[in-house]
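Number of protein chains: 8
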Amino acid sequence: MTPVRLQQLLERVARGEVSVDQAAEDLRDLPFADLGFAMVDHHRALRQGVSEVILGQGKTAQQIAAIAAELAKAGHNMLVTRIDADAAAEVQKALPESRYHALARTLTLEVAEIPALAPDAVALVSAGTSDLPVAEECAETMRMLGIRHERLFDVGVAGIHRLLHRREVIDRARLAIVVAGMEGALASVVGGLVDVPVIAVPTSVGYGAAFEGLAALLGMLTSCASGVTVVNIDNGFGAAFAAARILRGKK
Amino acid sequence: MTPVRLQQLLERVARGEVSVDQAAEDLRDLPFADLGFAMVDHHRALRQGVSEVILGQGKTAQQIAAIAAELAKAGHNMLVTRIDADAAAEVQKALPESRYHALARTLTLEVAEIPALAPDAVALVSAGTSDLPVAEECAETMRMLGIRHERLFDVGVAGIHRLLHRREVIDRARLAIVVAGMEGALASVVGGLVDVPVIAVPTSVGYGAAFEGLAALLGMLTSCASGVTVVNIDNGFGAAFAAARILRGKK
Amino acid sequence: MTPVRLQQLLERVARGEVSVDQAAEDLRDLPFADLGFAMVDHHRALRQGVSEVILGQGKTAQQIAAIAAELAKAGHNMLVTRIDADAAAEVQKALPESRYHALARTLTLEVAEIPALAPDAVALVSAGTSDLPVAEECAETMRMLGIRHERLFDVGVAGIHRLLHRREVIDRARLAIVVAGMEGALASVVGGLVDVPVIAVPTSVGYGAAFEGLAALLGMLTSCASGVTVVNIDNGFGAAFAAARILRGKK
Amino acid sequence: MTPVRLQQLLERVARGEVSVDQAAEDLRDLPFADLGFAMVDHHRALRQGVSEVILGQGKTAQQIAAIAAELAKAGHNMLVTRIDADAAAEVQKALPESRYHALARTLTLEVAEIPALAPDAVALVSAGTSDLPVAEECAETMRMLGIRHERLFDVGVAGIHRLLHRREVIDRARLAIVVAGMEGALASVVGGLVDVPVIAVPTSVGYGAAFEGLAALLGMLTSCASGVTVVNIDNGFGAAFAAARILRGKK
Amino acid sequence: MTPVRLQQLLERVARGEVSVDQAAEDLRDLPFADLGFAMVDHHRALRQGVSEVILGQGKTAQQIAAIAAELAKAGHNMLVTRIDADAAAEVQKALPESRYHALARTLTLEVAEIPALAPDAVALVSAGTSDLPVAEECAETMRMLGIRHERLFDVGVAGIHRLLHRREVIDRARLAIVVAGMEGALASVVGGLVDVPVIAVPTSVGYGAAFEGLAALLGMLTSCASGVTVVNIDNGFGAAFAAARILRGKK
Amino acid sequence: MTPVRLQQLLERVARGEVSVDQAAEDLRDLPFADLGFAMVDHHRALRQGVSEVILGQGKTAQQIAAIAAELAKAGHNMLVTRIDADAAAEVQKALPESRYHALARTLTLEVAEIPALAPDAVALVSAGTSDLPVAEECAETMRMLGIRHERLFDVGVAGIHRLLHRREVIDRARLAIVVAGMEGALASVVGGLVDVPVIAVPTSVGYGAAFEGLAALLGMLTSCASGVTVVNIDNGFGAAFAAARILRGKK
Amino acid sequence: MTPVRLQQLLERVARGEVSVDQAAEDLRDLPFADLGFAMVDHHRALRQGVSEVILGQGKTAQQIAAIAAELAKAGHNMLVTRIDADAAAEVQKALPESRYHALARTLTLEVAEIPALAPDAVALVSAGTSDLPVAEECAETMRMLGIRHERLFDVGVAGIHRLLHRREVIDRARLAIVVAGMEGALASVVGGLVDVPVIAVPTSVGYGAAFEGLAALLGMLTSCASGVTVVNIDNGFGAAFAAARILRGKK
Amino acid sequence: MTPVRLQQLLERVARGEVSVDQAAEDLRDLPFADLGFAMVDHHRALRQGVSEVILGQGKTAQQIAAIAAELAKAGHNMLVTRIDADAAAEVQKALPESRYHALARTLTLEVAEIPALAPDAVALVSAGTSDLPVAEECAETMRMLGIRHERLFDVGVAGIHRLLHRREVIDRARLAIVVAGMEGALASVVGGLVDVPVIAVPTSVGYGAAFEGLAALLGMLTSCASGVTVVNIDNGFGAAFAAARILRGKK
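Chains as they are written, first to last, in the numbering used here: chain A, 1 to 251; chain B, 1 to 251; chain C, 1 to 251; chain D, 1 to 251; chain E, 1 to 251; chain F, 1 to 251; chain G, 1 to 251; chain H, 1 to 251.
What the hints contain is simulated information worked out from the structure, not anything from laboratory work. What you are looking at is a predicted structure, and each value in this text was computed from that prediction instead of being measured. Think of the CB as a built atom: it goes at the ideal place given N, C-alpha and C, for glycine as much as any other residue. Some hints here could point you the wrong way.
[Unchecked claim] What the simulated footprint calls covered on chain H by chain G, stretch by stretch (three residues with Cβ under 8 Å from a Cβ of chain G suffice, anywhere in the stretch; the number is not a length): (1) 67-79; (2) 213-227.
[Stated by the list, open to error] Not close to chain A: a few residues of chain B, all C-beta gaps over 12 Å, as computed: (3) 16; (4) 19; (5) 20; (6) 22; (7) 60; (8) 62; (9) 74; (10) 93; (11) 94; (12) 103; (13) 121; (14) 158; (15) 159; (16) 174; (17) 180.
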């Protein structure tokens, strides 16, 4: 173990068994992470809170099941994203208490209570029914991260008054996540209505010139509303995670 | 002259100088357009109304001046689009009474009064100040086509209430032309507010992911408002022309 | 209910129970749509006429069936687009009188007579046999909207005389819808032949450099025929809806 | 004036001159914004703070000067972005006390003190010297918005230890803005090092396959660090504005 | 029938029943193609030779079978391209003497002998085994068109001497068709070796940056060998047809 | 000199100074091209006819002048393509008898008579005035190659009867070159009218969705007329060269 | 046989049966490769070492089995890449001793021992679990080429310390192969850490804006680390082969 | 200074002034790079050899001059890439002994002799005259890195025998760098001829479908020659640097 090794080196310096020059030289060669500090883990935030996250896509059902089983042993909550029904069923054989959300394509396991990350709620706004899977992935991720949210669904800009009619939902939110496919214009309108952070999630909803979400992505990146930020196409998970970065505040 | 030639042939049939079989054979070989009918000209609509149109782009100042001079002789009104100031100045030497519109980059010559094409007005809606050149090209074309319009400028969706505040302009219009760059979301919102035809003109306004108008173009094509139609990027002329097709009605 | 709430507020002002200043203040805070007016619905046009429209794509058979059942209760005609045979069969269990059009991939339900939207007919022009599904979606939508149409199919520009031979169909139309894949050149030719509105529908027909309809889309947007407007790739529904906007005229 | 008109209507109700039904009817027809509330302005956030913002690109020097002069009269601070030296010089004739920042291509006018928006600082991280113009646009915008920042420049990932060496700058920040061109990898590394919000700004720095910032944009959108959000290519202004949305917190 | 109608009109002119003026007027209104001439058919060339061609892609097995059955009645040879095995089997039920070529995905029916189009042979050159399906489609089309060809397969430029070793095949050819995927470099090398026409067919062979044939397409279009012409990706049929245009010579 | 070396080796074999085995071994190691045969030159075709060709683009005026001067010494005719006026003027100082064609951007030098390559003429068809530079480059190249051509200009498909009216030009041609920008539909129409080879040249004429010739390129590649072949955008030279390959016939 | 023919010619020269001039003339006409030298084979490197390579993609199971059986007869080792499980099972019927690697999608046959190509090891670095298939294809290819490698997996840059912690693996390597999808930033970081050759393999891992590996590809091509080279998306085989080119050294 | 600080800490441990535990804790908190080791510099390789490298593009002449002046003081050789003539002249005012290479657009300063990096030579192969600027940038970089090279210019594949005629240049090289625009096929041919490393540099030479080097880039990435690696478009510097990584060998 590395901290042990460091301890030993310093003890030998203290005992005069190793000269200062030699110790300096040794430390210079000591591989960085062997010092035992700062082994940063990019899932730290989630894990600190509640959950481990596994990206299901690109992994076999067997791989996911194996990873999940190991995590479950450690008593962590768990979130698997982009997992299809078959793979989920496979995992559930090992972890029968896990829950599959078919629309969100998420599999979750709650073994510990999830503390609230922040007092405020996120407004989760989506344009149409077809955007639901992405919105639900976002919602499930927020749930596992301890983020409350309020929904404002099916308020695409072609019926602008549906949005305005219920705008108090976004008015009272601490931040807004806007999920929209096709031309993705909803992000611009919401961004113009509120001053809080707006995270835009383009979806692959649409056909033809929607080009699998490219139209929405470009539209959101070039939004005429200032300061709207964007995540990858269909990345409901990423938007929830970005919300967590904002809501958590500086430690 | 061809109609003359047809006339002569028929007269010779009537006089028995040419047999029916021979005349049928001749007509079969007669080049189509020599009959003098249906020599379709894609600028017919404009010309019927008032003006000749010259696309300035890709032509030298000398070429434009030469064509314009010839048209002017015929007593036609004239519209040159996409002509820069230098070329316009060159043309104006020959046609001092022509008028250059620097923002629209159009040069117009009115030698005859322009009759109104339709009683109703078109709502010309644009998102931002930078979209003005395209909007003005559209406006100048409509003016030369005898189409009245009412303007609703600088009503981008990031400030949705600016549009709603003045929506009576589009509510009373016979059709709406929406000129917008960046994400082009304005077309969707307008398309949702009114039942009349909406012609969307994406502009090359914006930078980065706007990709010279691609973002707005894709956004307008995938608009969640049903039945919005789109013309080429920056094609204010085309939108005005499409409006004329609609307003003119069936002959 | 909002109008009620407004009514009550005004009554209290009339009774002197609420001061004018207080009422003005209240109205200022009253959410816009609570006033009960202008709840714009982007399907208004269709509904006024006859039908509700459901976009089948991106919805499960169950979701479509549920929405359709609810609409059917209200006595509305109904049009589902982009619905595959399996989903249609599912819906038809609940709504046995609905009719599936396999080529158009539409499901329709007619419970009320559909009034004619306009006296004139639309020319529905298509380039090749493979464009039929899109043309049929357009035709079905027009039928549900009360728009008569006349067909001119398989008149691709590689055999230009087939089109010219039957050009009286487009000559007598109030507007033309041109459905074409591959290079989409038909829109330019039709646009040059007639003065009425031409709505171009690029299709994803073709392979290789057709790039799923991109070639036709770009070709139609850059058509050398002035004033041709374009809808999304394969969007036969959108073209029909745009036709309705034009034919309906200003209310 | 609209609030006046509302006031008058209510007074007439109070005096019994207008019946409740009539007033309800009138209000129904009253154009929305005429009520004088909620005239949302997408620059509200900035204005509340200190400054007006003008996007210089796509406007002539004369247009900018005119707008700026008018704003200056109102005693507002002002920020013009994407303005070149010539246009700036033109504006400075009218507003000699304005200051041009050649690298950032911004023109600023400070007539009132700018209050701090938040106690914490933003870490402004950039990859290379060529990214400076975008980083400086971001810095100038933050300055006008009352946001303190600390710089960490020239820490591209090809020399990863330069970043790690000075990581305390990002460790103590409330949020990080990462400005990088070429492959834009810096956003992923920073996103993995900290839990605070990370706003990534792709720049058009690079050549060939950088495709004017596309490589960096796609790289940042698909970052393997969870919850990194992205703004448009070269949009330093947008990143600063997004930071303001986060730092300002919920009103 | 139209020629009849023309005949009748002329007879009535000859008989004095119709005045010359009236006949001229009538002819003016007579639809062009009703005259019965020039009903151009884009499959004319093939049909003159031997075969009818049906593009199988985008048609149902039933549609193909129906068209094929009708053509077979007329005694024409027939070529169906881009038809999969299932559809072919369906057609073969009706036309048991037709032959399916699984690699080329063609179905052919020979009821009449196919005359040779030209004395010379075409060199059909392909880069790799995976390009075979396209090369075979080309070969089958040439066979049905009466074009002899000589094969030079698997001579990709990575083993340039394999090509040079057998270059007499292209040296003695009247024209060369080069079928290649991946980078498509073979067209440039062949184009440099011979003076005869070179028709390049990019294929969708390859993965990743081959982008479904885009790499080969762009490579062939920008070939450093002068005067190489290109057809669509995977369009073996088109290359054979272009060869027929060249070999047939001017009538 | 290599042929000399080969000669010497064979003489030594004849004299018995070198054994057959040794000679076979030596020849095996002899570098291929040292044998002096088959030094293929990709400009062979042109040179056999009349001219040397220099691609001006990407070369400095000095480089072009140097190459040209050297070629002129050899008594060859010469064609420089894609050379701007300044570079041409530079070259003309050295070669005053050379002729610059400003529209075609070609510089030609004729020191020897150019024999006719073939008795037939090429139909050079172009869509609009802006396509002239490409058409003229093609024309100048054909002139230097000894190919006669007949022009059919400004016959874009939006006025289809202009083309049909003069179709005898393409009807009597041995092959047709079609130069068109925007949607490039002219190639499809011409390809459907004639059986001879059709070489399509997309041009960069157009704006917006024309994407510098991409729309025309894709349109021509996916032409519904069978057997149309395509060269690079704006490559008038390449089309002329391809025509030479066809007209020259097999040696 | 060609060498025989050369032998005979030389013998006839030696015998005086053929004059030197005649022989020189004959040799001039002798097709190049008939001389029997330099028949370059692009799989030479692999074959010299140990194995034949077959690209499975685009070939039927039957084709692969046939080729493999023939190679096996010759006693060569064999590597089939991009072969799916079904095709592999088909081949294994004929070659039961071959081994299928499901993750790498390779089928290998070892009939002879594979000599080590070089004493040093390659560092095979990959970013995430989903990149494993490409990394394994690379590993299997290296194994068949006699290249030792050391693995450093799951060290994506979002957790930069995981890489730094184990950087001795790359520090001691003779070259590094970096396999990464999404933004592909790992190549830049590794390229900055070491001086040895770095071969970057973008993978198609990721979704949305990853565009099937385009994001990683562009990112690696524009890497801010100097001298990183790139192979095609998912081309683990190519990277291993490039490594062999480097390690083998100059013969 | 950090090593000093480490030294002091260890001395205090040795003197018993700091406990082992305290020292371990301090070291844990000590910022990584403060230890003074491993401050990796991505230009290390170059600097170890001879030169500092400055990327001129995106820097002002003043910035370059300032950096260069500072480096010159340190006695380092220097290489500035992508610097235009004006900026170079500016720098040369401060550093008159520096040398500008107009074609390569490099500025070099040699104050110390450059040791040879390796005994072998690199074959620098280029396709056409227009590729010279990139080839020269590569050559100048190699010169400053101490790499000998041999040139093989103007050997594009359209004249394949020109390459074969001089193939001994690549046969004797330790590695080959292939610089080519247009379709970039030269890399595939060279990759098939030799077993040594081949680094392909696509150039932006060409027009139309060359798309600023995209055609060559895609072609090289999908090369049918195994193990060819690719650098960014026009990146002659990067290819030279990659060569240095290979030639330098493992330290």
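Hints, verified against the model:
Residues of the region 67-79 of chain H lying with their CB closer than 8 Å to a CB of chain G number 0, which falls below the three-residue condition for coverage. Note: the region 213-227 of chain H has 7 residues with beta-carbon separation from chain G under 8 Å; the three-residue rule is met and the coverage holds. Every beta carbon of chain A lies more than 12 Å from that of residue 16 of chain B, the smallest distance being close to 63 Å; the non-interface claim holds. For residue 19 of chain B, the condition that its CB be more than 12 Å from all CB atoms of chain A holds, with the nearest at approximately 58 Å.
Annotated as non-interface, residue 20 of chain B keeps its C-beta farther than 12 Å from every C-beta of chain A; the closest such distance is 54 Å. At roughly 55 Å, the least C-beta separation between residue 22 of chain B and chain A is larger than 12 Å, which holds for a residue marked as non-interface. At roughly 35 Å, the least C-beta separation between residue 60 of chain B and chain A is larger than 12 Å, which holds for a residue marked as non-interface. The claim that residue 62 of chain B is not at the interface with chain A holds, since no C-beta of that chain comes within 12 Å of its own (minimum 39 Å).
A cut-off of 12 Å between C-beta atoms confirms that residue 74 of chain B is not in contact with chain A; the least separation is 42 Å. Non-interface call for residue 93 of chain B relative to chain A: holds, since the shortest CB-CB distance, roughly 42 Å, exceeds 12 Å. For residue 94 of chain B, the non-interface assignment is confirmed: its Cβ lies about 42 Å from the closest Cβ of chain A, beyond the 12 Å cut-off. With a least CB separation of 21 Å from chain A, residue 103 of chain B remains clear of the 12 Å interface cut-off, as annotated.
Its beta-carbon lying about 23 Å from the closest one in chain A, residue 121 of chain B satisfies the requirement of being farther than 12 Å from that chain. Not every CB of chain A is more than 12 Å from the CB of residue 158 of chain B (nearest about 4 Å), against its label as outside the interface. Listed as outside the interface, residue 159 of chain B is inconsistent with that label: its C-beta sits roughly 5 Å from the nearest C-beta of chain A, within the 12 Å cut-off. Distance check for residue 174 of chain B against chain A: the nearest CB is about 21 Å away, which clears 12 Å, and the non-interface claim stands.
Residue placement check: residue 180 of chain B does not keep its beta carbon more than 12 Å from all beta carbons of chain A (closest about 8 Å).
Checked against the numbered hints listed earlier, the structure breaks hints 1, 14, 15, 17; every other hint is satisfied.
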